[in-house]
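Asks: Same order as they appear, the protein sequences are chains C and Z.
So in the working numbering, spot 75 of the first sequence is number 75, and the numbers just go up one at a time.
Position in the second sequence (from 1) plus 366 gives the number in the working numbering.
Note that these hints are calculated values from the structure, not bench results.
Be a bit skeptical, because a hint or two may be false.
[What the hints assert, rightly or not] One-sided excerpt, in silico: chain C residues whose CB lies under 8 Å from chain Z:
1) Ala48
2) Leu50
3) Thr79
4) Met81
5) Phe83
6) Asp85
7) Arg87
8) Phe89
9) Phe100
10) Ser104
11) Ser105
12) Arg108
13) Thr318
14) Pro320
Beta carbons are placed, not taken as given, at the ideal position from N, Cα and C, and that holds for glycine.
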Amino acid sequence: MTAPLVFAGVVQRGGFELHAELTVAPGEVVAVLGPNGAGKSTLLRTVAGLERLTSGTVRVGDEIWQDADEHLPPEQRRTGMVFQDHRLFPHLDVRENVAFPLRSSGVRVRAARQEARRWLESLELDHLADRRPGQLSGGQAQRVALARALARRPDVLLLDEPMAALDAGARIDVRAFLRAHLREFPGPVLLVTHDPLEAMVLADRLVVLEDGRVVQEGPPHEVARRPASSYVARLVGLNLWAGVLRGGEVALDGGGTLAVSEGATVEEGHPVLVSLRPSAITLHTERPDHTSTRNVWRGRVAAMEGLADRVRIEVHGTPPALVDVTHAAVTELGVDVGAEVWLSAKATEMEAYAEGAPRRTETTTL
Amino acid sequence: MSSRRERPPWALGAPAALGALLLVVPLVGLLLRAPWSGLPRILATPEVADALRLSLVSATLATAVSLVLGVPLAWVLARTDLPGLRLLRALVTLPLVLPPVVGGVALLLVLGRNGLVGQHLDAWFGITIPFTTLAVVIAETFVAMPFLVVAVEGALRSADRGYDEAAATLGASRLTVFRRVTMPLVRPALVAGGVLCWARALGEFGATVTFAGNLQGTTRTMPLAVYLAMETDPDAALALSLVLLMVSVAVLFTLRGRWVGTGGTV
Chain C
1 MTAPLVFAGV VQRGGFELHA ELTVAPGEVV AVLGPNGAGK STLLRTVAGL ERLTSGTVRV
61 GDEIWQDADE HLPPEQRRTG MVFQDHRLFP HLDVRENVAF PLRSSGVRVR AARQEARRWL
121 ESLELDHLAD RRPGQLSGGQ AQRVALARAL ARRPDVLLLD EPMAALDAGA RIDVRAFLRA
181 HLREFPGPVL LVTHDPLEAM VLADRLVVLE DGRVVQEGPP HEVARRPASS YVARLVGLNL
241 WAGVLRGGEV ALDGGGTLAV SEGATVEEGH PVLVSLRPSA ITLHTERPDH TSTRNVWRGR
301 VAAMEGLADR VRIEVHGTPP ALVDVTHAAV TELGVDVGAE VWLSAKATEM EAYAEGAPRR
361 TETTTL
Chain Z
367 MSSRRERPPW ALGAPAALGA LLLVVPLVGL LLRAPWSGLP RILATPEVAD ALRLSLVSAT
427 LATAVSLVLG VPLAWVLART DLPGLRLLRA LVTLPLVLPP VVGGVALLLV LGRNGLVGQH
487 LDAWFGITIP FTTLAVVIAE TFVAMPFLVV AVEGALRSAD RGYDEAAATL GASRLTVFRR
547 VTMPLVRPAL VAGGVLCWAR ALGEFGATVT FAGNLQGTTR TMPLAVYLAM ETDPDAALAL
607 SLVLLMVSVA VLFTLRGRWV GTGGTV
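Same shape as in the complex, but just chain Z (with noise of 0.2 Å):
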């Protein structure tokens, strides 16, 4: 931070605030118009509670899963020179900015009942994905697992090889140093991707919606609820939006200094 305080010109002023107010009054509007009085007994109601609790559940499993084959695809991302892994990696990174509807689409196209993939679960397993909780947990992983691969990759990227190096001199398998010396290394950014994915799962609306549909204590979450509750019980809406805002402000306090604050960056 500059020593150097200055006022802004009117001309960088004057949007700034702007683009503050924007940001902040909607959040203001929430806080106070939040029923804080009924909150228990709103969230205690069979519809919000089972929307809670799924949100709570599919996110955690959607970040077990991201953890399970996302650090050991940033692991391959960040260490090895496989032929096409600048194309993987831009595969693998594009969920951050395609529109979750449409990788909502994208899957039920390829594990819905008539999918490439789902066809074939349906006719020899009798396995049907689509508007099963297996669904939400799908969706939700496949928008917020780049998150924690791109975390965990940098990391990977920018940790000091010479520690491997000096594991597997001393005796280490390479699944060892990887357990034993690399992970532990990155747990920084293992923390912040794994928060940030589970963020990302909770909040994900598209992407469900779309592959998982919408039905009470199977597949609606959070989000899911909120967007219907706002047409029929703006109170449920209220109450389920101020818990959202309440995990991001947590999670915004888990990552900081990490993500937010003074430059800093993973």
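Chain C with its partners taken away, still in its complex shape (with noise of 0.2 Å):
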């Protein structure tokens, strides 16, 4: 069966309200994108019947996982899911473990041994069949994890940050190896995860939840181009103002001015975000004379980062900045924390863009 996973629903616990509406595509897949405790792991639990809806609905199509009256036990919904911790059974080999789903839905113990055998296999994991789940390595565990969670056949495939306990070497063979088989599971996929580049290279779209509410929701290269917040903004690197569009010039809440490029759609006096990738800011010692750029500012340099092909320094001023230099400028103007800077960025480079509800940017133009 492949039909659309819709999630609409409050969840209670404790002082913690997760309030989401959601809905994934068959063969689409989104990614649950947010800080610690934002709520992406009980959004995931929840659609596995792992935790219950305080109200609202979970359904597959037409098939009601909850609502007032209904709440089906986990094991009556076909759901796939990978946990972080692989949690294969420490007791069964790989092909047991394999072979666990179907044993559960009734398949006698050959067919289910050659079942999982054939899953093993297709995902180029035959190798391992014999193994203890204690003699894998953490990437292999988490791909046997995900044959596990297909050979239930499920109609939802659920991924709760499959590369977060894994070492960065590991996390990239699993990245491909989801890439390249999350694309052929006819169902919804929801994968939860606070990396953005696993979002961005794995999801179709991504859901950012942030204190329990879904605070952006688009196509990755969107909201990596339009943070719809200051967390997002930090995640994918980029600078982010919020102000009101005044005569063409973005009056920062913070204080200060920017001027943005022509033709944004945003209307006068209304609230707006400027994004800014930090290679886009130039340093100067000195205040810059012969320049046509129309943003220039001061500030002081608070912090340096060197990073493997540039410097990230983040400079405090009105408004306050992440600047990218290479290593050759840091040099050549002898910048140092406590320095007094000048910051300059062209007007075409600054993305402006409405804020606030909705913030599905895939309907906004620019």
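Could you fit the two chains together into a complex? Lean on the hints.
Replies: Printed below as a string of structure tokens:
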């Protein structure tokens, strides 16, 4: 069965409340991105039936998984779930782990083993069949966990931070593996992560969750270009300022004004967000005189962090900004923490867009 | 273990030595006085052989009953939040500290011919439990099952519930989860609890003699036979004691590193 997954409801637990509406189409991979405690895992666990909605509905097509009258227990929901800590049964070898969902649905031992073997072969994991989970690397274990989830022949695939517990090398491998195999899955796929790169690479659509609310939703490149919150901006490494559009310039909430590109369809006097890549800002030690750049402001270097190919400089000013410059430029300018600097940025580099719900950026045009 | 070894001060060393002697010397005495040469002959006499057989059978049956009833009980205590569960847990573990003879009296009051339940069993079905092998099994179960329940419950509490969740999302019913995931994961505790339960049942005296009596071949288990034989045939008592000692050593060996040894706990 391939039907859309619909989640619309509230989960209350202690002082926390998750309140979200979300639809995932068959074949679509949606990544739920958010900081710790935002409710990402709660959302996933509620879909799986491991936690209950306080009110609302979870359904797949016409099949109600939970509403006011009904709560289908997890074992009766056709979900395939991959956990952060793989949760392969330590007392069963890889083949028996993959056969487990088949045995649970009544398939006889021999047939279940054969089908498990086919799953392992199709995911190129058959060489691991006789191993115990304790003999697998983290990356291998997560791949087997996906095989086991798929062997359930689920209607919906759920992945709860599948790469969070892996080291960097294994993460790249598993990401490539998921990228290859999530595409083949015909049903809706919901992936929870706090790694923006993971989300960008794997997902068709991002849903950003903060404090139990959806704050942004859209295609990954849109979210990356026009973050709706400082959390997302930080995640994707962008400067983000909020302000109000007045006479072609944005008066920022924290003080200062920025000239933005002409043709922004944001209305005068309305709240607006401005995003800017740190590499689009130029750093000067003196006020730049001969520049056509309209945005020039001063600041003081608050922190410097050397990255592989550049140096990220945090500048306190009005507004504050992250600036990326080359290592050579740092040497040439001779700046260090505490130095007074000037910043300049072209108006055409400034991405201005309306703030406020609904933040489905796919419907916003510029 | 600390790498710093030191001589104990007198105030600690002397009572420690005395305590160790108190525990070890009687066992050494038993080994020294045991009728080693006559052992096969003594163990083959009908009285001793009966006691041996009866003890093994009833302790094994009591362990089986404890597994069938005690494991689900441990699961309920560990994994549910029914009202009154704390009280139930206290009551279930009470036989651990209750003098067994009190257990025997209580069983007699309930299952005896004129007992609360026993009188109906007698009147309706013509079943009398006291002074039968069944009574032995019941008495032993009463005393020994809590050991199993406590061991398994502890393991269930500390076991990772994540596996149960994973199994549920893979379509396993709660019973399948219990059978194929929960139980295999607590197997070490299950084995330890089972062995402990069996050993306790094998050594049971007070509840058995009170509730089941002391009839050769029917209710006279090894401990009862030992007690009786001390008066008439000390060699038989020694031989049986030796058997029980061997069993205890074997049990310790099975549980090594779990209940004994360097800080092993369940």
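Asks: Indicate, hint by hint, whether the structure satisfies it.
Replies: Going down the list of hints, with the structure as the test:
With 8 Å as the threshold, the beta carbon of Ala48/C comes within range of chain Z, its nearest partner Cβ sitting at about 5 Å, so the hint holds. Look at Leu50/C: its Cβ gets to within about 6 Å of chain Z, closer than 8 Å, so that hint holds up. Given hint, Thr79/C at the interface with chain Z, holds; its Cβ is 6 Å from that chain's nearest Cβ, closer than 8 Å. About 4 Å separates the beta-carbon of Met81/C from the nearest beta-carbon of chain Z, less than 8 Å, and the hint is met.
Because the beta carbon of Phe83/C sits about 6 Å from the nearest beta carbon in chain Z, less than 8 Å, this interface hint is met. Proximity of Asp85/C to chain Z holds as hinted, the smallest CB-CB distance being about 7 Å (cut-off 8 Å). With a least beta-carbon distance of about 4 Å to chain Z, the hint placing Arg87/C at the interface is held under the 8 Å criterion. Interface hint status for Phe89/C: upheld, as the beta-carbon distance to the closest one in chain Z is roughly 6 Å, under 8 Å.
Hint on Phe100/C holds. Least Cβ distance to chain Z is approximately 6 Å, under the 8 Å limit. At a threshold of 8 Å, the smallest CB-CB gap from Ser104/C to chain Z is about 4 Å, leaving the interface hint in force. Given hint, Ser105/C at the interface with chain Z, holds; its Cβ is 5 Å from that chain's nearest Cβ, closer than 8 Å. Hint status for Arg108/C relative to chain Z: violated, with the closest Cβ pair at about 15 Å, above 8 Å.
Contact between Thr318/C and chain Z, as hinted, is not supported at the beta carbon level, the nearest pair being about 49 Å apart and thus beyond 8 Å. Because the closest C-beta pair between Pro320/C and chain Z is about 42 Å apart, greater than 8 Å, the hint is violated.
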